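Q: Using the sequences and the hints, build the whole thing.
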Amino acid sequence: MTLNVINMGKCINKKWIIRDISFDVKDGECLAILGPSGCGKSTTLRLIAGLDKANQGKIYINGLDVTNLSPVDRQVGMVFQSYALFPHLDVSSNLSLGLKIRGVSLEDQTKKITSILSIMQLDHLSDRLPSELSGGQRQRVALARALLRDAHVYLLDEPMSNLDAQLRETLRPELRKLVLNREQPVLYVTHDQQEAMAMADRIAILKDGYIEQIGTPEELYKKPGSIFVANFIGRPQINMLPISNGVIKAIRPEHIYIDNQGFPCKLVHKEWLGINQLFFLDTAIGPIRMICESSVSLPQEINISWDEKNVHEFNANSGKRCI
Amino acid sequence: MINYILILPAIILIGIVFGYPIIRYFWLSFHASSVLTNLDVINNNGANWLRVIGDGRFWQDTIQTFRFASVSVSLELIIAMAIALLLNQKFRARGVVRALTLLPWALPTTIMALGWRWIFNTPYGPIEKIALLMGFESINILSNPNLAWMATVIADIWKTTPFITLILLAGLQTIPNDLYEALKLEGGKSFDSFIRITVPLLRPYLLISVLFRLAQAFGVFDLIQVMTGGGPAGSTESLGLYAYLNAMRFLDFGYSATIIFFSFIILSSFCLLSWFLIRKSKLILSSK
Amino acid sequence: MKRQNILIIILLLWSLGPLLWQIYTSFSTTESIIRPFETEGNRWTIDHYIQVLNADPPFWRYLFNSFIVGITSTFLTLLLAIPASYVIGNSNSKFAKSFKILLLTASLFPYVLLFLSLLEVARDFGLGNNLFALCIPYSALSMPLAVLLLSAAFKDLPNDLEEAARIEGLNLWQRLRYVLMPLITPAISSTAIIIFIFSWNEYPIALTWITKSNLITLPVAIARIAGSSIYSVPYGAYAAATVLGAIPLILIVLLFQRQIVSGLTQGAIKG
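As they're listed, the protein sequences go chains A, B and C. According to the numbering used here, the residues represented by the first sequence are 1 to 323, in order. According to the numbering used here, the residues represented by the second sequence are 1001 to 1288, in order. According to the numbering used here, the residues represented by the third sequence are 2001 to 2271, in order.
Do not take every clue at face value.
[Said to hold, decoys possible] Some chain A residues near chain C, calculated using beta-carbon distances under 7 angstroms:
{"id": "1", "residue": "82"}
{"id": "2", "residue": "84"}
{"id": "3", "residue": "88"}
{"id": "4", "residue": "101"}
[Claimed, not checked] Pairs of lysine to aspartate or glutamate, DMTMM-like flavour, derived with a Cα cap of 25 angstroms:
{"id": "5", "chain 1": "A", "residue 1": "58", "chain 2": "C", "residue 2": "2163"}
{"id": "6", "chain 1": "A", "residue 1": "100", "chain 2": "C", "residue 2": "2163"}
{"id": "7", "chain 1": "A", "residue 1": "100", "chain 2": "C", "residue 2": "2160"}
{"id": "8", "chain 1": "A", "residue 1": "53", "chain 2": "C", "residue 2": "2160"}
{"id": "9", "chain 1": "C", "residue 1": "2155", "chain 2": "A", "residue 2": "90"}
{"id": "10", "chain 1": "C", "residue 1": "2094", "chain 2": "A", "residue 2": "52"}
{"id": "11", "chain 1": "A", "residue 1": "53", "chain 2": "C", "residue 2": "2163"}
{"id": "12", "chain 1": "A", "residue 1": "249", "chain 2": "A", "residue 2": "313"}
{"id": "13", "chain 1": "A", "residue 1": "223", "chain 2": "A", "residue 2": "201"}
{"id": "14", "chain 1": "B", "residue 1": "1129", "chain 2": "C", "residue 2": "2031"}
{"id": "15", "chain 1": "A", "residue 1": "15", "chain 2": "C", "residue 2": "2160"}
{"id": "16", "chain 1": "A", "residue 1": "112", "chain 2": "C", "residue 2": "2163"}
{"id": "17", "chain 1": "A", "residue 1": "53", "chain 2": "C", "residue 2": "2156"}
{"id": "18", "chain 1": "C", "residue 1": "2097", "chain 2": "A", "residue 2": "52"}
{"id": "19", "chain 1": "A", "residue 1": "15", "chain 2": "C", "residue 2": "2163"}
{"id": "20", "chain 1": "C", "residue 1": "2155", "chain 2": "A", "residue 2": "52"}
{"id": "21", "chain 1": "A", "residue 1": "207", "chain 2": "A", "residue 2": "219"}
{"id": "22", "chain 1": "A", "residue 1": "26", "chain 2": "A", "residue 2": "158"}
{"id": "23", "chain 1": "C", "residue 1": "2212", "chain 2": "C", "residue 2": "2056"}
{"id": "24", "chain 1": "C", "residue 1": "2002", "chain 2": "B", "residue 2": "1192"}
{"id": "25", "chain 1": "B", "residue 1": "1090", "chain 2": "B", "residue 2": "1178"}
{"id": "26", "chain 1": "A", "residue 1": "249", "chain 2": "A", "residue 2": "308"}
In case anyone wonders, no lab produced these hints; they're calculated from the structure. These figures come from a predicted structure and were not determined experimentally. Heads up, the beta-carbon is just placed ideally off N, CA and C, and yes, glycines get one too.
A: Here is the structure:
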């Protein structure tokens, strides 16, 4: 199963929310749509789901042109950011409503629901109302509902953003096992670069309604196509060095090391991160962040250096990468 | 497309019940249709409109209707606000008290108007009796042109205050309690919280009550017809009643339609004006 | 605490006073009706009730007529107002906005002024002396308030819920039936109660449209009792009829007080 999007665009009140969006997602692949708020991530998802109509371009699911089909006929499974569980229905009714509407026999409904409830470890909660569930349980119900859809594509809209940080990390492997390891393509919208790197096979970075770059997490990290991507991927954030000859150089904090032959700088501040520590340095070319092992303790005055192969170069005018 | 289909039935119904009469009244207001014309409809080139402008009884009724509507609605707002604040507090059997307070709204206007006429009756009604027992002279409320209209206002307040109370009570329940607590921490007294929190946040509810009630009170008809029949000496006659009398008693349908249409114009410009004024005062408040 | 109790008692006396006076009158003999507060002589009676209940057609007939009118009007109003409110609550289109303005303007037109012309409509379409026909003007008159309350309730529902239902394959009717309407039940029930009470009580249109005495509604029937003698109003029988007619309304208000208030809060009227 595949998802192909070609030159998709959405225009509201003469303003393009997204434009010329193209990508392909293969079967079993997870593509993350990553970007800051307001960049058009959710619009992209809604157009593919059929909740809004695209003004431009084509959408193919399994090779079938679905651009003008209604959400039902597109056979997509979707998890909403708010989970959108029906508040007046208990867990099993939330799951059975769609099956009932789609004409699944009562016997099959029970079978499917029992099986998905046990996969999701929700057996004991089947007659609870959504308001009686914890955030993690609600997310699992929402996932279960999407999985029961027998969808050709799964669309996840910030599925983790309503959970606290700790729960998010423990749920990642679970989500991967349950949804991402299936044969259907998955589109995963998030604003959290760490989550995108952890979950997705490839990431599309969206900026102001356009795709800035698309690639594997490794490619984006190693070869960011623009200043925007370089800043967005990798934490702590990359160091931008001053412009010279129309070129901006950038170096990641983890690629800087202490070198007595290097150039001098002053230690301003440090942050303890656990396995390592982050130093804020003051140099002749402006402030620089550097990562060191946590055992290192530094004097006030140090010299640093980096390897030329780790430096990224960008055109100062276009913001694009220089080869 | 589907949106049009969903709204269409409602529009058709409103068109029949509101649209048709309004157009019909407008058309009829340029025609003579009375006993003099054997109830045939004859174009009279706006003679009705000239007549209504020079009709002293019409203008007196306009003033009386305004007096009734403005006194009644403003008193209702004040009383309803007080009752809503009281009913929003916690006390035993609150549900029953709320329900009983709603009762006047739920009873038929015409029937209770007759009840009020009985209460104000001279010499058998309780008000008159109590006045006599207390050593006053006979008040004879409904026969006194200076008092009769107040009696109709009292009956109207009794009947319609509960609905405003209901709307304001619903509004009070949407105000989060921490706003009051925050003001208390700042050292505000309960009067401050009423002026600075309750009233501004209830503004949309107040606005909607005023508009609905003004329109209703301006069209008052059955209450007055039953209680006083417009008397004594026409002192309680409203525009609605005058239009009714023209059609049903004097059988002058053309002129009746003119009165109805003219009072509709007066009423809607008045409502627009008050809506505009309230909107404007909101702007002034929020710009502070 | 003390002051609160006193205020509540005053409030109850004011709200219930006229009705209590009707009850007092309805149990007084005809001689003592014109001498209130005097206790000597032949004071109490239930004759007025017997008279009202034994009349022809029987009193319950009017209750039944009013009930039929109330139920059909409520049903028709909700049938038309729910789809329209759904559109107005969800759409920002010019069409939906102008419909809202149309409704507000219509609600300003004093409805008692409509009934003279509506009588012509009834005559032209042969709607006289038909209880079910009364629901046409009643639904239209209730429409502005119903749409105002229901569209606010629809507007308050999160969009996600309806979209999730669309993804699940529910069509518009199924979304309304299984998801949206259950969620705005409080607003629907309070709207329904308000329309029912209005239709039960309406007088001028019921008076002019219905002339057959076994089809008249309760308020018209009570007014007829009051007007049955040209010399003086038979207050005893009239008061007894009022008390009997008020009982269903008292029950409705007592039973549904909470729904009425909470439904108005859900469909919170916004600007």
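Q: Taking the hints in turn, state whether each one holds.
A: Hint-by-hint comparison with the structure:
For residue 82 of chain A, the suggested interface contact is upheld, since its CB lies about 5 angstroms from the closest CB of chain C, less than 7 angstroms. Of the supplied interface hints, the one on residue 84 of chain A holds, with its beta-carbon coming within about 4 angstroms of a beta-carbon of chain C, less than 7 angstroms. For residue 88 of chain A, the interface hint holds, the least distance from its beta-carbon to any beta-carbon of chain C being 5 angstroms, beneath 7 angstroms. Because the closest C-beta pair between residue 101 of chain A and chain C is about 5 angstroms apart, less than 7 angstroms, the hint holds.
Note on residue 58 of chain A and residue 2163 of chain C: the hinted pairing holds, with a Cα-Cα distance of about 22 angstroms set against a maximum of 25 angstroms. Annotation: proposed proximity of residue 100 of chain A to residue 2163 of chain C holds, straight-line Cα distance about 17 angstroms (limit 25 angstroms). Proposed proximity of residue 100 of chain A and residue 2160 of chain C is supported: the alpha carbons are some 20 angstroms apart, at most 25 angstroms. For the hint pairing residue 53 of chain A with residue 2160 of chain C, the CA-to-CA distance comes to about 17 angstroms; that is within 25 angstroms, so the pair holds.
At roughly 24 angstroms between alpha-carbon atoms, residue 2155 of chain C and residue 90 of chain A fall within 25 angstroms of each other, so this suggested pair holds. This hinted pair checks out: residue 2094 of chain C and residue 52 of chain A have alpha carbons roughly 19 angstroms apart, not beyond 25 angstroms. With a CA separation close to 14 angstroms, the supplied pair residue 53 of chain A and residue 2163 of chain C stays within the 25 angstroms bound. A C-alpha spacing of about 5 angstroms is found between residue 249 of chain A and residue 313 of chain A, which places the hinted pair at or below 25 angstroms, so the restraint holds.
Under the criterion of a C-alpha separation no larger than 25 angstroms, the hint pairing residue 223 of chain A with residue 201 of chain A is consistent with the structure, at around 16 angstroms. Distance hint between residue 1129 of chain B and residue 2031 of chain C is fulfilled; the C-alpha atoms sit about 16 angstroms from each other, no more than 25 angstroms. Only pairs whose Cα atoms come within 25 angstroms are accepted, and residue 15 of chain A paired with residue 2160 of chain C is accepted, the gap being roughly 24 angstroms. For the suggested pair residue 112 of chain A and residue 2163 of chain C, the alpha carbons sit about 23 angstroms apart, so the restraint of at most 25 angstroms is met.
Straight-line distance between C-alpha atoms of residue 53 of chain A and residue 2156 of chain C comes to about 24 angstroms, which keeps the hinted pair within the 25 angstroms bound. For the proposed pair residue 2097 of chain C and residue 52 of chain A, the alpha carbon gap of about 22 angstroms is at most 25 angstroms, so the pair holds. Distance restraint check for residue 15 of chain A and residue 2163 of chain C: the Cα-Cα separation of roughly 24 angstroms lies within the 25 angstroms cut-off, and the hinted pair is therefore satisfied. Between the alpha carbons of residue 2155 of chain C and residue 52 of chain A the distance comes to roughly 19 angstroms, so the proposed pair stays at or under 25 angstroms and holds.
With a C-alpha separation of about 18 angstroms, the suggested pair residue 207 of chain A and residue 219 of chain A falls inside the 25 angstroms cut-off, and the hint holds. For the hint pairing residue 26 of chain A with residue 158 of chain A, the CA-to-CA distance comes to about 21 angstroms; that is within 25 angstroms, so the pair holds. The suggested pairing of residue 2212 of chain C with residue 2056 of chain C holds, with an alpha-carbon distance near 12 angstroms, which does not exceed 25 angstroms. Of the pairs offered as hints, the one joining residue 2002 of chain C and residue 1192 of chain B holds, with about 23 angstroms between alpha carbons and a cut-off of 25 angstroms not exceeded.
Taking the CA atoms of residue 1090 of chain B and residue 1178 of chain B, the gap is near 17 angstroms; set against the 25 angstroms cutoff, the hint holds. For the given pair, residue 249 of chain A sits about 10 angstroms from residue 308 of chain A by alpha-carbon distance, which is consistent with the 25 angstroms threshold.
In summary, the structure agrees with every hint in the numbered list given earlier.
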